[in-house]
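S.K.: Those protein sequences? They're chains A and B, same order as listed. Numbered per our numbering, the first sequence spans residues 1 to 257. Numbered per our numbering, the second sequence spans residues 1001 to 1842.
Derived from the structure by calculation, the hints contain no laboratory data. Some hints could be false.
To be verified - Straight-line Cα separation of at most 20 angstroms, EDC-like style, residue types lysine to aspartate or glutamate; simulated pairs:
hint: 1; chain 1: B; residue 1: 1697; chain 2: B; residue 2: 1680
hint: 2; chain 1: B; residue 1: 1840; chain 2: A; residue 2: 69
hint: 3; chain 1: A; residue 1: 89; chain 2: B; residue 2: 1834
hint: 4; chain 1: A; residue 1: 248; chain 2: A; residue 2: 234
hint: 5; chain 1: A; residue 1: 87; chain 2: B; residue 2: 1834
hint: 6; chain 1: B; residue 1: 1615; chain 2: B; residue 2: 1569
hint: 7; chain 1: B; residue 1: 1840; chain 2: A; residue 2: 179
Said to hold, decoys possible - Covered stretches of chain B (in silico footprint by chain A; criterion: 3 or more residues with CB under 8 angstroms from a CB of chain A, positions within the stretch not fixed):
hint: 8; stretch: 1478-1492
hint: 9; stretch: 1743-1749
We put the beta carbon where it would ideally sit given N, CA and C, even for glycine.
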Amino acid sequence: MTTTDTADRATAVVAAQAADLTKVYGHGETRVVALEGVTIDFHEAEFTAIMGPSGSGKSTLMHCVAGLDTFSSGSVRIGGTELASLKDKDLTRLRRDRIGFVFQAFNLLPTLTALENITLPLDIAGRRPDRGWLDTVIGMVGLSERLGHRPAQLSGGQQQRVAVARALASRPQIVFADEPTGNLDSRSGAEILGFLRDSVRAHRQTVVMVTHDPVAAAYADRVVFLADGRIVDELRAPSAEAVLDRMKAFDAKGRVS
Amino acid sequence: MFRTALRNVLAHKARLLMTMLAVLLGVAFVSGTLVFTDTVSNAMRNSSAKGFDQVDVALGPGPGTGPGDGDPAEPPKLTPALLEKAAAVPGAEEATGVVAGYAAVAGRDGELVADSFRSQGGNYWGDADPRYPLADGRAPRGAHEVALDERTARAGGYEVGDTVRLSVDGPVLTPTLTGVFTTDDGSVAAGGSLALFDTATAQELFHRTGEYDEIFVRAAPGTSQDELRGALEAVLPEGVSTSTGEQLAEDQAERISAQMSSMESGLLVFAGIALFVGTFIISNTFSMLVAQRTRELALLRAVGASRRQITRSVLLEAGVVGAVAAAAGLAAGIGVGAGMRVLADRVGGVLPDGPLVIAPTTVAAAFAVGVLVTVGAAWLPGRRAAKIPPVAAMSSVHATATVKSLVLRNTFGALLAGAGTTVVLYATTMERSEAQAPMGLGAVLLILGVFVLTPLLSRPVVGAVAPVLRLFGVSGRLARQNAVRNPRRTAATASALMIGLTLITGMTVAASSLRTSIDRMATAALEADYVVSMGNGMGLGPEVERRLADAEGVSATSPLRIVPAEVDDETQYLTAVDGSAFDELMELPLVRGEFEVGGAGAVIDDRIAAERGWKPGTRITASHEDGAEQEFTVTGVYEQNEMFRGIVVDAATVAPHQERISDLQVMVKMTDGPSEANEDRLEEALGDNPAIVVQDKQALSEEIGQTFSLVLNMLYGLLAMAVVVAVLGVVNTLAMSVSERTQEIGMLRAVGMVRGGVARMIRLESLVISLFGGLLGVGLGVFFGWAAGELMGGTMRTYELVLPWGRIVLFLLLSALIGVVAALWPARRAARLDMLAAIKAD
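So here's chain A without its partners, still in its complex pose:
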């Protein structure tokens, strides 16, 4: 448990944690360090945004912490479970039971209805959905009327709402969102971000979001900035302007160096 935070956060439970996380691609000449000794905690009921320019390693960090990708050294924990030692099967099970995902491209199954898409991870696990919670989630994203529709019959914003509901339906320990508003217009994007924030506020959901959009990042409780595979800065209770300023600062630095 980290002690660098303010007093009231010191008691907060860590939902996920990376310690000295390093990820290297290739060997010799083609060796690329994507992450270099990243240490970070994600607290329960906290909405974290990870920002950084292209190639900064923000997506890699998310993939490693979410159990989608392997890493070279260091440690990743989801709750009390160390991911480094897990085999593919256990890792898959961990994702299924304890992690929710929202992707940029929605990634819904076109053959399933909205409701079936929402309960897909539960179906894969062979679990019965918690009816009350499911209704809450569906109500929250405002899809009650469209549960029988197939993705092709829904707008982009509606599809992403289905994706958010899918991520939340199994009450995962942590939800990872990869550029969730990247394919949406600003109004739909704002809605999605609102839902994610609401889930944190109202239902103590932990959310980690990768984005390059300062406006999206402003919905988060804190913003972590990555550059060249390292964490370079952190901002609490950000506003869009503050985030933009920091970003500009990195850009300037980047240009000088």
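Based on the hints, put chain B in the right spot on chain A.
M.R.: Then chain B, alone, in the frame of chain A:
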């Protein structure tokens, strides 16, 4: 445009792999068939030409020998006097009398050396017959000596001086081997045996006493074949046919060509089926390639390519694929052709040696077939590509297959299927000889109709298996939905499998039904314990029945003898039996009168009775071969069947008027029924004759069964290629599905589906598609089998539809197995997809 096409082929190597394989297999089948038949017919032609080396002019009995045409002027017999006359003609050096017949040689192990259809006998002319140079020993002389061809002597384990066991049409003979000769005879080269006796013995054995089957005349040096022929024709009586050696060789070559070409067309039909099945794969692949490249093609349109250019680029691509596959297929086909010859040698059908013949037409055919089939199958996808509007290039949305309404398609399919069913049903009510064409047409229409309807059928049929799929949880549910996601593709894939299974099932159903009914016919009326006949279906000498009658434990025997005669100025084949014993041996259902065939009594079948208006008491007159007339009185009428019909008379009554007595079979009743000991006794009575088979009812049934299974197995083997191509189609479709759904599979893995679950999803999809095809195929097959059986068995009293349930279940299991096997590689690929790349993939 050509460069674009070529680049596209190279870029989609993996995608086109299955397509190429399918074309390759089809082309290999075609070119393999052509190479094999060309090679064999060339070798056979060469060997038959050699066989006529010694013949300049051959004399034969002219046309009109058959008892069928009722020509009263019998052609002159080829007598020794005639031979003398021919030999004395100016320009003739020598004349040889030829006698030929059937002679089965048993090896030291007691088994026949050659199969009974290729066991020949003949005469050795004089002391040094030019046709048969001696390799060892001397010419056979007298009734107890024989000469064998080299191969037969070796295969039988005989050397000069040994006693040979052989049989002509009666009890076993045991002459001494005096000589071993070599021969170019085509049948011997093809694995037959040839036993030669001195001319007098051969004439007696083959019932040609005092005459020859043919006379070969050799020309003196300086006389041409045609000159000799002219000279002979001038002196020989009318009715003797003359042909030169060249003509004979030509005729023979023509016969061989005709035989081989009918075999060739038979094989090519199956190659065609395999290729037809292949077109479904090709069409599927190019449809997918076009769908995937929608934006690219639209861009080409946007920058100014015409529709025709787009179509042409797709077709060019198909042409390149076809040509490459054809080249590989040709190479494989040459291998297959060579392999088939080796295989044919291995299984006993020895073929004459000769070089492998790769005719230019074979090469041309391989490329024509490969390219035309591929381009033809890609034609529709090419047309579809041309219809892509240029604006599609600007659309950010991924091109999804345009879901055109299936209404038109379904209507059309229903019409086709309905028409096909009607025609087939109507054909079953027609006469057998006239019904074949309409039945074939109906079958094709129905298959096409079902094919057109498969997208429609896929939902309910796949829905029917849904409860089973539900057992597999999400994987099962997704598999089911994926299977019907692209109905056209699923339909084409399943149809490819359907075609093979339809044919296989149809043949099995028809064969099972016919087999059962023929079995019943052969054995139902039979009261005898044993039926004795020649292994090759030729006649038995009268000695056989005498020996059997004398054997221990035999209570009754009767021959079944076919006697040509004219009744009421019409040629009839009378069936002669032993009137006193026949009752005990065969139970013919009597319609009227009594079964009395002793003396001048005759029993007729109900059809003849109805046609001629004969009834018990009617007197009929038969004129025999020797010109004598006999009067019979009809005593009874029996119900005819396929195995037994006609006028039945007493053998003893007609025997004096027969030129040559030959029994189709001899029926035997034992005092204490069939047993192994009794069978041994009968065989012993015939001197353990290798050429004669003694069968009880069960053995008869088994023989009938074996004939059917042999034919069925051959057809299965030939249709296997079509099934293999269909399997490639399933693999192809799954591989396409996996690559199209990369992103979905990645997401499924991300949200927690284990690799096994993904693999299971693909396997189940494959299973659903294959079983769908299997069900359609088996269903259609049963229908066609029923229809064909109705047609062929309609006139058989004992015909009844027999559904081979075991086989039908087996075929369905086979299609399930195909599903599992076809999914091996695609499922593995899907399970191993790089999840991150899959999620990111656009």
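S.K.: State for each hint whether it applies.
M.R.: Comparing the hints with the structure gives:
A threshold of 20 angstroms between alpha carbons decides the hint, and for residue 1697 of chain B with residue 1680 of chain B the separation of about 16 angstroms falls inside it, so the pair holds. Simply put, residue 1840 of chain B and residue 69 of chain A have alpha-carbon atoms about 13 angstroms apart, close enough for the 20 angstroms limit, and the pair holds. Our distance criterion of 20 angstroms between C-alpha atoms is met by residue 89 of chain A and residue 1834 of chain B, whose separation comes to about 15 angstroms. Distance check on the hinted pair: residue 248 of chain A and residue 234 of chain A sit about 14 angstroms apart at the alpha-carbon level, within 20 angstroms; holds.
Note on residue 87 of chain A and residue 1834 of chain B: the hinted pairing holds, with a Cα-Cα distance of about 15 angstroms set against a maximum of 20 angstroms. Restraint check for residue 1615 of chain B and residue 1569 of chain B: satisfied, since their Cα atoms lie roughly 19 angstroms apart, inside the 20 angstroms limit. About 11 angstroms separates the Cα atoms of residue 1840 of chain B and residue 179 of chain A, which keeps this hinted pair within 20 angstroms; it holds. Proximity of the stretch 1478-1492 of chain B to chain A, defined as three or more residues with a beta carbon under 8 angstroms from a beta carbon of that chain, is established by the 4 residues found.
Given as covered by chain A, the stretch 1743-1749 of chain B passes the check, having 6 residues with a CB less than 8 angstroms from a CB of that chain where 3 are the minimum.
Hint compliance for this structure: every hint is met.
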